[in-house]
Amino acid sequence: MDKKICILDYGSGNVKSVFNIVGSIVQNTVISNKADDIRTASHIILPGVGSFGAAMEKIRHKIPLDILTKEVLSKKKPFLGICVGMQVLAAKGFEFGDHPGLGWISGVVDKLDSGQLPLPHIGWNNIDIINSHPLLQGLNNNQDFYFVHSYVFQTSNQENIIATTQYGQRFNSIISKENISGVQFHPEKSQKAGKLLLSNFFQMR
Amino acid sequence: MKKKRLIPILLLRNGWLVQSKEFSRYQNLGNPETATLRLSQWASDELIFLDISRNDIYDLRRDDLGCANRHTFLEIIENISKVVFMPMTVGGKIKSLFDIEKRLSVGADKVSINTQLFNDEKIIQKSANEFGSQCIVASIDVKKENGKYFVYSNGGQKREDYLPIDWAKKVESLGAGEILLNSIDRDGMKTGYDIELIKGISDVVSIPVIAAGGVGEWSHFGQVLSETKVDAVAAANIFQYSDQSVYLAKKYLYEHNFNVRPPDLLEI
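Heads up: the sequence lines are chains A and B, in that order.
Letter by letter, the first sequence follows residues 1 to 205 of this note's numbering.
Letter by letter, the second sequence follows residues 1 to 268 of this note's numbering.
Take the hints with a grain of salt, since some may be wrong.
[Said to hold, decoys possible] Straight-line alpha carbon distances no greater than 20 Å define the calculated EDC-like cross-link-like pairs of lysine to aspartate or glutamate that follow:
no., chain 1, residue 1, chain 2, residue 2
1, A, K16, B, E75
2, B, K229, B, D166
3, B, K3, A, D113
4, A, K58, B, E130
5, A, K16, B, E130
6, B, K93, B, E160
7, A, K16, B, E78
8, A, K16, B, E101
9, B, K4, B, D264
10, B, K102, A, D9
11, A, K192, B, D264
12, A, K177, A, E71
13, A, K16, B, D99
14, A, K111, A, E95
15, A, K195, B, D264
16, B, K2, A, D9
17, A, K192, B, E267
18, A, K195, B, E267
19, A, K111, A, D98
20, B, K2, A, D128
21, A, K192, B, E33
22, B, K82, A, D9
Just so you know, the hints here were simulated from the structure itself, not pulled from any lab data.
Since we're looking at a predicted model, the values are computed, not measured.
With the hints as extra help, turn the sequences into a complete structure.
Below you can see the structure in the form of structure tokens.
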């Protein structure tokens with residue numbers, strides 16, 4: 001099947017940056033919230049900036065979740081969440097209140113305990129690989145990626161943790177369960193390493 | 001571990017990339033889009049674009065293309081964001097939340113604001129609420145007169161009543177996410193950063209400070225990283241004049257055990 005990438009459109013501010021890099025890898029890329037594009041896509045990306053609750057509310061309003069859920073959970077289409085797009089995979093988020101998430105990977109989203117270090121955590125930081133994964137093909141342990149966030153995805157399922165990062169505390173920077181993956185950093189702003197990670201994602205089936 | 005950042009600043013004047021000396025003399029360097037591609041290939045950690053035009057005329061003077069080719073500053077940024085995949089800060093001529101939104105929508109991740117902070121202090125709070133404080137960089141230009149530091153606005157033309165340390169604390173309390181600190185006296189002089197100024201400010205704020213102004217050799221980056229608490233080192237002119245400049249600067253810092261990303265040359 002020919003590749004078609006659907007970047008889910010729900011009014012996230014950085015969707016164009018994601019489109020620019022993804023479109024440079026796979027020409028057939030759309031920014032869309034239409035059921036038809038979600039159904040015909042080979043790979044689905046959920047971008048994100050902002051807070052958990054605000055993102056979830058927009059996602060519920062703008063994206064046909066019944067169709068997305070079927071494509072991802074039943075048909076097992078490769079799915080990648082970026083930053084808040086990763087965080088909403090959790091069952092619950094505690095940013096500005098208590099908000100339900102998609103609940104596709106077991107876990108909760110809570111504030112990063114950075115100790116003396118300032119929040120948000122902004123800048124280039126490295127990952128430490130915990131479990132090997134097709135997303136990391138050709139990438140080194142210690143590879144730097146660009147982060148902007150104050151909250152983190154916590155899970156007790158060790159097998160879902162692909163990589164962690166240190167900033168005051170150790171947190172999960174890449175998680176994955178079957179066809180569903182999430183990255184806390186911004187591959188679309190992480191130059192060569194970000195592009196390689198996205199290319200790896202598009203190789204997943 | 002989080003890395004210290006090495007940031008080229010690109011000054012754009014009427015659509016041209018320029019070199020600046022003491023905020024008053026400018027020399028054309030060429031097309032900003034080709035220059036940006038090179039800076040990206042040399043693995044810069046971030047880029048800062050400042051529109052320092054005094055009027056609204058933009059002209060890349062590419063008559064050879066056979067069609068009208070006038071790009072506004074924002075069109076230039078938009079074109080750049082399609083080919084370089086890294087964090088970008090955009091500044092110059094920002095007066096309102098709408099101006100900020102326009103810059104974010106063409107691919108900027110952060111905006112840098114200077115003069116408007118004096119006209120409307122609340123713009124920091126309002127924009128931090130709307131877009132997040134990680135998005136708002138307060139740009140502070142400083143000049144030394146009779147041994148005392150003063151804050152300047154309007155591209156170095158107007159002296160404000162604030163002392164730099166007080167102004168830095170104030171923009172932090174209003175919600176700025178970062179401070180871009182530039183020394184007007186050192187601009188284009190190649191004599192090194194104003195360590196006294198930068199230390200004074202990076203000691204009293206907890207938000208990241210980006211040092212700018214005066215770099216003439218790679219060791220100047222090392223000096224400011226060793227002697228102050230800055231989170232990032234920025235420079236303009238020095239990155240435009242030698243092949244692989246950013247790569248070589250980073251190689252210098254990496255080999256001297258500074259906490260920076262390993263030097264790399266990227267294919268885009």
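Verification of the supplied hints:
1. A:K16 <-> B:E75: Holds, because 14 Å separates the two Cα atoms, which is no more than 20 Å.
2. B:K229 <-> B:D166: holds, 18 Å
3. B:K3 <-> A:D113: Cα-Cα ~19 Å, so holds.
4. A:K58 <-> B:E130: holds, 16 Å
5. A:K16 <-> B:E130: holds, 19 Å
6. B:K93 <-> B:E160: It holds: about 18 Å lies between the C-alpha atoms, which stays within 20 Å.
7. A:K16 <-> B:E78: holds, 10 Å
8. A:K16 <-> B:E101: holds, 13 Å
9. B:K4 <-> B:D264: OK: K4 of chain B and D264 of chain B at ~15 Å, within 20 Å.
10. B:K102 <-> A:D9: holds, 19 Å
11. A:K192 <-> B:D264: Within the cut-off at roughly 10 Å; holds.
12. A:K177 <-> A:E71: Cα-Cα ~15 Å, so holds.
13. A:K16 <-> B:D99: Holds. K16 of chain A to D99 of chain B sits at ~18 Å (cutoff 20 Å).
14. A:K111 <-> A:E95: holds, 7 Å
15. A:K195 <-> B:D264: With a Cα-Cα distance of about 15 Å, the restraint between K195 of chain A and D264 of chain B holds, given a limit of 20 Å.
16. B:K2 <-> A:D9: violated, 31 Å
17. A:K192 <-> B:E267: Given that 20 Å is the threshold and the Cα spacing comes to 8 Å, the pair holds.
18. A:K195 <-> B:E267: holds, 11 Å
19. A:K111 <-> A:D98: holds, 12 Å
20. B:K2 <-> A:D128: With Cα atoms ~13 Å apart, K2 of chain B and D128 of chain A stay inside 20 Å; holds.
21. A:K192 <-> B:E33: Distance of about 19 Å is within 20 Å: holds.
22. B:K82 <-> A:D9: At roughly 19 Å apart (the allowed maximum being 20 Å), D9 of chain A and K82 of chain B satisfy the hint.
Checked against the numbered hints listed earlier, the structure breaks hint 16 alone; every other hint is satisfied.
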